[in-house]
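Sequence order for the protein chains is A and B.
Our numbering puts the first sequence at residues 1 to 470.
Our numbering puts the second sequence at residues 1 to 122.
Please keep in mind that the hints were generated in silico from the structure rather than gathered at the bench.
Watch out, some of these pointers could steer you wrong.
[Unchecked claim] Simulated pairs of lysine-lysine, DSS-like, Cα-Cα distance not exceeding 30 Å:
1) A:Lys61 <-> B:Lys76
2) B:Lys5 <-> B:Lys76
3) A:Lys298 <-> A:Lys311
4) A:Lys61 <-> B:Lys5
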Amino acid sequence: MTTEHAPALDELIASWREWMERRDALSVRDVDELESHLRDRVDALTAAGLADDEAFLIAVKRLGSMDDLSREYAAEHSGRLWKQLVLHDSSDSEGTDASNGTMPFVRRANGLTIALLLGVGAGIAVKATELLTGDPELVFRNIAVLVLPFLAAWFAWRRRPPMGTLLGVAGAFALVALALNLYPFDGGSSTDTVATQNSATAVLATIGSIVALWLVTGIVDAGGVWRSDRTRMDFLRFSGEWLVYYVLIAIVGGALSGLTVAVFASIQVDIAPFIVEWVLPCGAAGAILVSAWLVGAKQRVIENIAPVLTKVFTPLFTLMMLALIVASVMQWNLVDGSRELLIAFDLVLVVVVALLVYAISARDPALAPGWFDRLQVLMLVAALVVDVIVLVAMIARTGEFGFSANKTASLGLNLILLANLAWATWLQIGFVRRRVPFGRVESWQTAYLPVYLGWAAILVFAFPPMFDFA
Amino acid sequence: MRIGKDLVAAAATPVVLGILAEGESYGYAILQRITELSDGELEWSDGMLYPLLHRLERLGHVESEWRQSSGGRPRKHYRLSAQGASTLADHRRQWSIVGGVLDQVWPGDGDKRQPRLALGLG
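Generate coordinates for the entire structure from the input sequences, incorporating the hints supplied.
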């Protein structure tokens, strides 16, 4: 090795620093201290006649393996692995490190400022539409169109996708907005509360628009590389974690609102209308962005939550479905169930798919199949059995009473999920028997995403005209 | 001869405190001193010293301060606290008991090793 082509010592140390700072157990100040040590060692070695790069290699080697080192730091500073969830950015305030001194304000804390601004924007968008139109039903129907652009903007700010992607996504938003607002939905009586729309196709279109635009927003998150199953899996991970945070924020927010109302009531001030009219809608919209920020901010820091929930609930859910099979075989009363039955079982299938997907997303692909994978086979088979029982019953009933928009939509979703689960079961069995590599189990789920997008698009665009906007 | 891992770990705290008892120092110099005192036989990865120093600081045995070195480089200096001094004395009593026991049970001539072991304990 010739010394002319060797990178300068400062460059070597800079790249070494970059690696060290990625370790959550090491603070910037720790890396400063190690760098000071490293430079002392390098100085001593070069004084003994070694070239800079040789001295650097030896000095790094003498520091010890990075894994061992960060394990030692983690053992001493275990609190750091948790507390980085708080809002200040990674450089210590007393740190004099030059590389962090010029960090722009909006980049601090992983862009919390931006997330908050966008969250406020989403809240304003919802509230302004309501005040301008005076029609809560219209706000409810357009909720995805009003709120998700802000999430898309957040992703766009973080990922910097190519302009073509952004234009395509904006186009999709515009198309959905046109369909939702130009279709002449029936029975819109504005005296009703937000959630009760008279037109079934309007409700279906609303749900479809949420699903479709959420997936479209994922394209921005993918930075335009949505064909890759890795980025799709990342977006699935994001969605699961996001949901966990959103529910947590909603619970705490609800509790806080309740307390506030109660406290003010005790001094004879009724602020319930203010909470319901302003705080809840704005908070619900803003929390979407805050949850998104949280997922990104703590991603590297601690073990994710959604996979833990799947580990806990997969066994319980399997038990529930096995009990259901036994009950339905003994009583055969599923067949006489009502129209809601199919919707309920769609939800069961959605949960099964979600449990499966998040278990997959958290799994180390290199591990050999274990008990949990076998348990998943059992869960999948139980779900298939339950669903076939219900499906046969429902198809018989539909033949009797004809197709309504709701029934058709749930039947379609049911078939889509059933097809997914059937093939997933086949793959999972193959994987447990070591005939199928884990990558195929994974890519089946990510490859299926466009099917959901397609069905959601059909709900938005095709269903209303098909069923006369009823 | 390499000293076993467990023994190095057990000796680390008293050795480091002992070196700081000689006067304020910083990581690299502490390691140099250890090498010097043990003729290079007491060794561990350079980086491992720092988590140990941080633990001693958390426990209040040492105090630290960032200073500019003569070369203009920032450097974290460590200094023995009063509590650290008493901890060191405590360690010293424990080690001399262990050393005394070992001296009596070594097969053959244990006398030659005694001064050397005592030196290492500083």
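task: Would you mind confirming whether the straight-line C-alpha gap from Lys61 of chain A to Lys5 of chain B stays at or under 30 Å?
output: 18 Å, holds
Restraint check for Lys61 of chain A with Lys76 of chain B, where alpha carbons must lie at most 30 Å apart: It holds: about 21 Å lies between the C-alpha atoms, which stays within 30 Å.
- prompt: Does Lys76 of chain B lie within 30 Å of Lys5 of chain B when you go C-alpha to C-alpha?
  reply: Roughly 27 Å between the alpha carbons, so the hint for Lys5 of chain B and Lys76 of chain B holds.
query: Taking only the CA atoms, is the gap from Lys298 of chain A to Lys311 of chain A under or equal to 30 Å?
result: 20 Å, holds
Hint violations for this structure: none, all hints satisfied.
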